[in-house]
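Q: Assemble the complex: chain A is given as a structure, and chain B must be docked to it using the hints.
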Amino acid sequence: MVAHLLSLRWRVMLNGFRRSTWQIVAACLGALYGLGVLVLLVGGLFALSFAPERWAWTVAVLGGTVAVVGWVVVPLLLSGVDQTLSIAKLRAFPIPADRLLVALLVCGVLGVPGVVTLVAGVAAGLSWWQHPLSLLAAVAFGVVGVLTCVAGSRALESLTSSLGAHRRYREVMGVLVFIPLILAGPLIIVASTGLSSLGDDLPEIARVLSFTPVGAAWSVPGDLALGRPGEALAKAAIALATLALLVLLWRVGLRRALVASPGAAATGSAKGLGPFRWFPATPTGAVAARTAVYWLRDPRYGGSLVIVPLLPVLAVFLAATTDSDWLLYALGPAIAALLAVTLCADVSYDGTAFAAHLSTGVSGRADRAGRVITLSLFAVPIVVLATVVPLAVLGELELAPALLGAGLGVMLTGFGVSSVASTRFLMPVPAAGESPFKSPQGASLTSMLGMYAAWALSFAFALPELVLAGVALAQGSLALGVAALVVGVVLGSVLLVVGVVRGGASLDARAPELLARLRRAKGA
Amino acid sequence: MTDDGRPEPPSPTGAPASAAVPAPGPVPAGTSSAAPALRVEGLRKAFGQKVAVDGLDLVVPTGSFYGLVGPNGAGKTTTLSMATGLLRPDAGTIEVLGADVWRDPVRAKSLVGVLSDGVALFDRLTGEQLVTYHGLLNGMDRATTAERVADLLELLDLRDAGGTLVVDYSAGMTKKVALACALVHAPRLLVLDEPFESVDPISAANIRDILHGYVDGGGTVIVSSHSMDLVQRMCDHVAVVASGRVLAAGTTDEVRAGSSLEDRFVELVGGRQHNQGPSWLRTS
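Read top to bottom, the protein sequences are chains A and B. Using the working numbering, the first residue of the first sequence is number 5, and each one after it goes up by one. Using the working numbering, the first residue of the second sequence is number 44, and each one after it goes up by one.
Please keep in mind that the hints were generated in silico from the structure rather than gathered at the bench. Heads up, a few of these hints could be off.
Residues from chain B that keep clear of chain A, each with C-beta distances beyond 12 Å, as calculated [as the list claims (entries may be wrong)]:
#, residue
1, Gly106
2, Arg150
3, Asp184
4, Asp272
5, His317
6, Gly320
Pairwise CB distance ranges (calculated) [unchecked claim]:
#, chain 1, residue 1, chain 2, residue 2, range
7, B, Arg87, A, Leu18, 49 to 59 Å
8, B, Lys93, A, Met5, 36 to 46 Å
9, A, Val317, B, Gly256, 51 to 61 Å
10, A, Arg260, B, Pro244, 34 to 44 Å
11, B, Arg202, A, Val388, 38 to 48 Å
12, A, Leu237, B, Ala214, 51 to 61 Å
13, A, Leu18, B, Lys93, 32 to 42 Å
14, A, Met452, B, Arg87, 33 to 43 Å
15, B, Asp184, A, Tyr37, 42 to 52 Å
16, B, Gly215, A, Ser380, 33 to 43 Å
17, A, Pro100, B, Gly215, 30 to 40 Å
Positions of the beta carbon are idealized from the N, C-alpha and C atoms, including for glycine.
So here's chain A without its partners, still in its complex pose:
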């Protein structure tokens, strides 16, 4: 049974590579990268054996804690990272819960992330080769630590799965939990300025963590080497109790999940026609209304915007903690650049539902225009506000025309460019209903290049207003700034209309081929 599930899991993964050559290339690159990191890690752990024991202990506890937290948190974020052995699929088979638990535990350890964690965890023993007792303890508790990772991740998953059965809840959480993650990177950079002082605190932090369930297992060998057998014993007990408790929790969750009904509960209703009432009753208006509903209701759309409200937060934080307020000035143009190419993925988000546009014979121009109208309705005010408000607060409103010209110019141009681009290539996107941050399979190189090309083209076409704005800012000239604003809005609007017309013609000519590719992307 255990062997069957394990071989099934690897079989599914290997078969996944057969779908395209590029996926094999991507997997090989990923494997090489992972191997490199692993070799560096093992080498580093070995090198630590020549440093004072205190260092090796600090590194082991901190690294181990990060691993456990990562194992528990990441699956919550990326719902459906590995659904090969999801309980929903295994429910139909007559497998006793306890045996399934053992099988899933083994499969978890022997999957790709599991093997990496296991190698790193056991390799921590290399730091202690000069202390035989610690070496043994490191190997043993390395395994305990890895099992804790897997059991913790599975336990939390099976406990939250009943909570996550409500679609709307899942969708909102899927977006919300990513906010701290997106902020984490910049925050770390900001915090790293103060890291020199933090360096002295690291052993103290490690000491606190080593008494918690997430860090205990990793601390045992170091405590032995540092001559603290009592503490080592206590932490060993904590680690084992943690593992036992997690397995118990997991077992409860698994038993419940195995008999739960597979169907998700139905959700909300009502609300009449909504946006279909607000927009004019034409094909263009209908597309705009439908897109508006999707911006509000489909987490994949909202997910692509989650960075927009975070940028101001980051800018204010940066300005408050350090003295650099450049991001406050650049806020509007930065958001404009981000929003400029969001339309590239629009047809891909439709999926095969795009067939409706084809079978009703709606013109490509109406399709393009409708999508642009809805996006412009909120993107233009956002960019104007994000440019003017910070400048007003800083008392430098005379810079507003130049920055507005650059921002609006790039964005309107980008709308035009992506209206054409999204008829030429499909972005690999998660299917409707999946986590908006799940990286879809078969992300092909060409479509990523296509998106960057669209971006580059938007900037290239917007060069006149960008140059004018740059000169205006450098010379502090209000007249040149106003010129940049006029050029940006006029040229941007013209390019937008050209993009919609050409994109529409391109869509009319290529829509059946686009639909055929959407069907393939769906895996039909």
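A: Relative to chain A, chain B alone:
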């Protein structure tokens, strides 16, 4: 003219909307009434090495209730996709009431209502929004759309579910709302790919009544189905398709030639195996 240069829809107000069963719109100018509802000649489509449709010819007379039957992988869905402008054929011509689907797509598509198998719907819309969307995409005005959406939801027993997101519908309800989308612009020809799959018997009977009423009103219906019984009872014409070709076509009585359609189908297509399965599957 509508805002994007499309011609006027076939019948924004012409159909008797008060009738319980939607009637097809009047024959638009420029289409010859003598032309068959659908004429397919020499249709061919290959996916890589695999030939899905191989020189298929089919004539569907106006006013007929036409069944398309065939084994899995026979090319039914591929043929219907090409006939409705969703998939570009490698060769061959397709005309809807005299309008070439691939040379004059806008006119041809305004005459056809489509229910496709295996494509998603815009399922984050409510049922009411989805049918409204299809109506507006066809260039209908707001008042007509609203009236017909209400009629169709009532007719298909979806009125209570009109405010629910389509993603939360059952499989049968999804089929029904897709049918409403196909009917909303009062097409002259309805192309339905597996319309009865996972629809409960009562809804299926209701849908059959609607389709019969539509045919009596002068419309033409093409359905593909696996259910021989259903096709034999429901359709007045039938074509048997296998390996991308038409094996037999004509009125249902002609094709079944005295025996039941199912027996005739098995005889034409072949491949029936006479065995009782492995011995361990028998309990006694």
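Q: Which of the stated hints cannot be reconciled with the structure, identified by number in ascending sequence?
A: Failing hints, ascending: 2, 3, 7, 13 and 15.
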